[in-house]
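K.L.:
Sequence lines, in order, name chains A, B, C and D. Position 235 of the first sequence, counting from 1, maps to 235 under the numbering used here, and the rest follow consecutively. Add 1000 to the 1-based position in the second sequence for the numbering used here, that's all there is to it. Add 2000 to the 1-based position in the third sequence for the numbering used here, that's all there is to it. Add 3000 to the 1-based position in the fourth sequence for the numbering used here, that's all there is to it.
Accuracy of the hints is not assured; some may be wrong.
Chain C is nowhere near these chain D residues, computed Cβ spacing over 12 angstroms in every case [what the hints assert, rightly or not]: (1) D3011; (2) N3012; (3) G3085; (4) F3161; (5) A3186; (6) T3254; (7) A3258; (8) A3266; (9) A3271; (10) R3280; (11) F3290; (12) A3292; (13) A3300; (14) W3314; (15) A3332.
For the chain B half of the interface with chain A, some residues (derived, Cβ under 7 angstroms), not all of them [said to hold, decoys possible]: (16) H1138; (17) A1273; (18) P1281; (19) M1284; (20) P1296.
Derived by calculation from the structure, the hints in this document are not laboratory data. Just so you know, these numbers come straight off a predicted model, no measurement behind them. We treat Cβ as the ideally placed atom computed from N, Cα and C, and that holds for glycine.
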Amino acid sequence: MAQVTLVEAARLAALQEMRRDPTVWVLGEDVARGGLFGQYRGFLDEFGESRIVSTPISESMIMGGGLGAALVGTRPIIEMRIFDFVMCAMDELVNQVAKVRYMFGGQAKPAVVVRMPHGIWRNSAAQHSQTLESWFTHIPGVVVAVPATPADTAGLLVSAIRSDDPVLFFDPKNLFPVTGEVPEVIDPIPFGRARHARQGRDLTIVTWSALVPQVEEAGAMLAQRGIEADILDLRTLWPWDEEAVAASLGRTGRLLVAHEAVTVGGFGGEIVARMVERLGPGGMKAVARVGQPRVPVPFAPPLEDALKPDVAKVVAAAEALVRR
Amino acid sequence: MAQVTLVEAARLAALQEMRRDPTVWVLGEDVARGGLFGQYRGFLDEFGESRIVSTPISESMIMGGGLGAALVGTRPIIEMRIFDFVMCAMDELVNQVAKVRYMFGGQAKPAVVVRMPHGIWRNSAAQHSQTLESWFTHIPGVVVAVPATPADTAGLLVSAIRSDDPVLFFDPKNLFPVTGEVPEVIDPIPFGRARHARQGRDLTIVTWSALVPQVEEAGAMLAQRGIEADILDLRTLWPWDEEAVAASLGRTGRLLVAHEAVTVGGFGGEIVARMVERLGPGGMKAVARVGQPRVPVPFAPPLEDALKPDVAKVVAAAEALVRR
Amino acid sequence: MSTGPSLNGGDNRARLIALYGTMCRIRAFEETALAAHKAGEIPGPLHVSIGQEGVAAGVCTNLRRDDRITSNHRGHGHALAKGAGVSGMMEELFGRAGGHCRGKGGSMHIADFSVGMLGANGVVAGGIPIAVGAAQGLKLLGRDSIVACFFGDGAINRGPFLEGLNWAVLYRLPVLFVCEDNGVAAFTATASVTAGPGVVARSEALGVPCLSVDGNDAAAVDEAASRLVAEIRAGAGPRLLHATTYRITGHTSTDPAAWRDPAAVAAAKEAEPIGRLRARLLAEGVPPSFLAGIEGEARAEMSQAREAALSAPWPDPAIAWEDVQDSGAVEAH
Amino acid sequence: MSTGPSLNGGDNRARLIALYGTMCRIRAFEETALAAHKAGEIPGPLHVSIGQEGVAAGVCTNLRRDDRITSNHRGHGHALAKGAGVSGMMEELFGRAGGHCRGKGGSMHIADFSVGMLGANGVVAGGIPIAVGAAQGLKLLGRDSIVACFFGDGAINRGPFLEGLNWAVLYRLPVLFVCEDNGVAAFTATASVTAGPGVVARSEALGVPCLSVDGNDAAAVDEAASRLVAEIRAGAGPRLLHATTYRITGHTSTDPAAWRDPAAVAAAKEAEPIGRLRARLLAEGVPPSFLAGIEGEARAEMSQAREAALSAPWPDPAIAWEDVQDSGAVEAH
Ligand SMILES: Cc1ncc(C[n+]2csc(CCOP(=O)(O)OP(=O)(O)O)c2C)c(N)n1
Ligand SMILES: Cc1ncc(C[n+]2csc(CCOP(=O)(O)OP(=O)(O)O)c2C)c(N)n1
Ligand SMILES: [Mg+2]
Ligand SMILES: [Mg+2]
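Same shape as in the complex, but just chain A (with noise of 0.2 angstroms):
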């Protein structure tokens, strides 16, 4: 077990899989100088340019590209650099890379990972901080990862290279300095199955990405508080472990759903209404949701702190359901 950064994780995690694997590859800006984090640092001089490409600023030809290339049965790793810039390829990732499967009759097999390190980013502002996770759960075909540790990063990212599923795998890029522990072998971790991050009988708090830390943070003072938080870390939002979360919902009546996106439109809500609909309304006594306020990422500190979710608002809203 070494002890490293989440970025150096999931570096290790694909340097596995294009050891293991010759039809492994990556495409996006500056990879060949080790990707904007460095998460690629090293594979050119490992791998060659035919594997490890460079590209323009071309985001619909990094995305469409990387589809072509998995339609004839290589394995690309698709690097969007900054979640944001997706949107100027929405139509080959929305339109074709989760469709061709189905539009074709299963005769296309579109095996690409598409790395978005996405999230709040300190101070960066609107156009460099999106997280919008949740849309993609909306959308046939696609897997959505959304791993929040160094162990989990890497196992999932190996998954979701060996999947022959589109992976959208979401880095979260506040947290690529954290460290933890990741074996020396790196084992996949099966989607849908969520980390049981905390147990406590008090209320269950579900989680993902960037707020998970805080998250656990939160926990810890609420313990000191006297209420015992059930954590789940999703992991993966599709598919997601709605098993774990009725189970823990089962034994605590309390849901809190914490996650950095906006809450209106985010995945808080399908989790809230799956669990109404799964146990009726009978089977919980409150629930809750906190995310980010409808409005978009401010540049300034003061406004960032203002509406991102953070320790304080989770256990605020911890002890409020409690309360209630």
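Dock chains B, C and D with the ligands against chain A, hints included.
P.N.:
Only chains B, C and D with the ligands this time, still in chain A's reference frame:
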């Protein structure tokens, strides 16, 4: 009051506003010829080439150009032809149109209407039948209009054109031939007010856009079986009429949300979650959603029929809900 | 492709006859489909390429089975010329279980991966990045296959055209871009929405060498494509073929194309590729009966396919839930 | 813009001195910002254009206040040259309440609509469609203003470049496209990712006439821009100015640009536009003290702005909820 088709109602509304305000203009493919559905029939003759701009197949320019023209004080109607093609203009829509006002601290006035005929279009398959309105409820900065009747289409389009906000206007393309009354002078219909389509005390059905006529039909069938549905056509999803839904649900205790979009990640989840947050689980007896399963829209009639929400599915869900 | 009995005239004659056969099959397929659509047998939108068959035939005759193509919304001709199975195509248009896409795609998403036809596309220019990427994948795998990418003159005003050509040159990819220039995009004359000297100038400015050809002369298309394909196979990187042509029918099967200039339509009917090649073959001494036989065969093949499709089983509704994804697939209940 | 005391040499001399002043102000603004960023006073990413000032200054001196510009992620120079207020810019970088964008945008979204600066942009090529549309709007309104659209050499590989130029020609729009070609896009040499002969060839193929100019020679930029602007104002449609230059600093303020060839950097420092214009003015007899005065003034202006920004109030958190939209705005609670 004239009895007209929905597409004609939309034409009359745009016509009235273009006659009123010389800064209103239209850009999009084939609009000089009247638009793909005749929404702009006769406009070229009346308003000329500078206000009825038939464009190349350049969706990024259609959207971004409309935005630029708004920033200098015109009021463009951006015609996307078919919703699905907006995927070719998502950077311009999500990163630019929706954000300029905020990013620039209020200096910009992105007063555009983006018209996107959406929804399942009989046997047009996965790339011409998407229903992703919920995505845009998640994007701060935009209004989301989803009318279903000729009168509402006309009145909301008038509001959209007069609004300083960017309004995403989802023309229900499958309902274009539906007829209804439209007044001689079309008054604006305010955003955020539901239409109370049917009164009932057994359950609340919330719906919008293409599914409205089917839900109304379901309401009539349910009445024959002794179930009285309270039906709300939301008409806009952002802002949306939370008050009306809460009031209805307070009376009925049972909530069914029915939309054409995929259920997972659809706006139905948001509505359910809001109601549970607002009324508490104790404030309701049962909840359910009807939508398309998380599957792309297929081409063949029996496959499309198997997946798409319809009268029978709404009736079945309502009956099951009332029985709970 | 149907090859006739041996005739005098050698290889070239045989090649022309094969081209003729391919075009007749495309024409017959689409006329049959049009009739079936009119009769209500085919649901949804249908885009036919009547008058443009020379391009598909002339290009694809230079491709191997392990080469790939991508197409646009008007893909029947490309698919047939690449060797796609007719019954699978016709059943797909009819939405039947035996369609290449199991009835999930229809005309606009026709595909037959078994012969390298990677799919039609409902988004203008949508096939360009896919074609370029497929070529990059093939190169990475060390294959010597190439990719032909068909698109219309309307597609050259969309961004992916620029991104795709630039990219193909950078990585020296084996792609033949084929611009089928029929002068129109939906209901708009492309000349009215295309600035500058046009596709060849754009292509050259992006570093892609081009040839222009009369797309209604299938033999000329064949010759030009064969030159370009040879260069591509030799590793020279991408090439573009600009083929001017004319679509005699409307944008979709229900568009009467009343907006067309009748004189232009009349002229186009004179210039259309099947009649032109027929005249040449007749002038070269091929017996009329032989050509009539090819046409008749094609028509018979397609009307049999229509009949078969009409009585073929509909897909079981349960398969609507299949082919979405492996992880997180939802099931019917 | 600061204009000095009257000197011999007439109009042209005054014009050069004004250019010099603009460049000095841009340089001083950015060096001040860099220092402030290093000192932790400015949050977030900061892209400076040190070495590229000649382009912004030379182009914008030909614009009227009612003309518009759009910019990219590297917009300080464009904004200043267009006349944006310095304190509003500096406060914006500092995230203070008095920033042009009330602290909501920061460096990457600097904008001052009051002088026609329609915004920097965090998306490469994002400003191109906006500029073209602004020109179309102005034309519709019957105004005779024009729009200058600044973008880097990295932007010409994105689709909107093609769509925007094509469109501007079609509708004969008053747009001056300005490609600031500094040879690099982030950490990639643009020559390695740009196929064909480059931006001028692409532009001409799209029907946009061009001029190429040494972007480090502010006077040459001014002259070229003045010709193109005159043509645009005369109704000739869009034009493109291709200005080669060199950015001496890294991609962002925290990029040491260690990947740069030291020889190239040394040469660039020789060729940088402020030193060049200074040498010319000195040779033409302008007293060194006069030029030193301009520089000193600029530095003083900017360090005052820094100090003022540092002690300026932060935005009230409550305004975070403002400026989203009129209908459906959410409120703080
Ligand atoms: C991105 C996009 N925009 C618009 C459309 C609608 N559309 C379908 S076909 C077509 C015309 C295409 O013209 P061209 O590429 O020349 O092909 P042709 O129909 O002439 O064969 C248009 C505008 C689309 N499918 N995709
Ligand atoms: C669509 C998009 N892709 C990638 C980026 C990341 N990015 C920011 S600046 C930049 C380089 C831009 O180069 P160029 O346009 O030449 O401008 P320069 O930085 O040289 O001034 C890149 C790749 C982005 N902002 N937008
Ligand atoms: Mg065409
Ligand atoms: Mg550059």
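K.L.:
Each hint needs a verdict: does it hold in this structure or not?
P.N.:
Verification of the hints:
| no. | hint | verdict |
| --- | --- | --- |
| 1 | D3011 | 37 angstroms, holds |
| 2 | N3012 | 36 angstroms, holds |
| 3 | G3085 | 35 angstroms, holds |
| 4 | F3161 | 7 angstroms, violated |
| 5 | A3186 | 16 angstroms, holds |
| 6 | T3254 | 29 angstroms, holds |
| 7 | A3258 | 25 angstroms, holds |
| 8 | A3266 | 30 angstroms, holds |
| 9 | A3271 | 28 angstroms, holds |
| 10 | R3280 | 35 angstroms, holds |
| 11 | F3290 | 46 angstroms, holds |
| 12 | A3292 | 46 angstroms, holds |
| 13 | A3300 | 46 angstroms, holds |
| 14 | W3314 | 40 angstroms, holds |
| 15 | A3332 | 37 angstroms, holds |
| 16 | H1138 | 3 angstroms, holds |
| 17 | A1273 | 4 angstroms, holds |
| 18 | P1281 | 4 angstroms, holds |
| 19 | M1284 | 5 angstroms, holds |
| 20 | P1296 | 4 angstroms, holds |
Comparing the model with each numbered hint stated earlier shows that hint 4 is the single one that does not hold.
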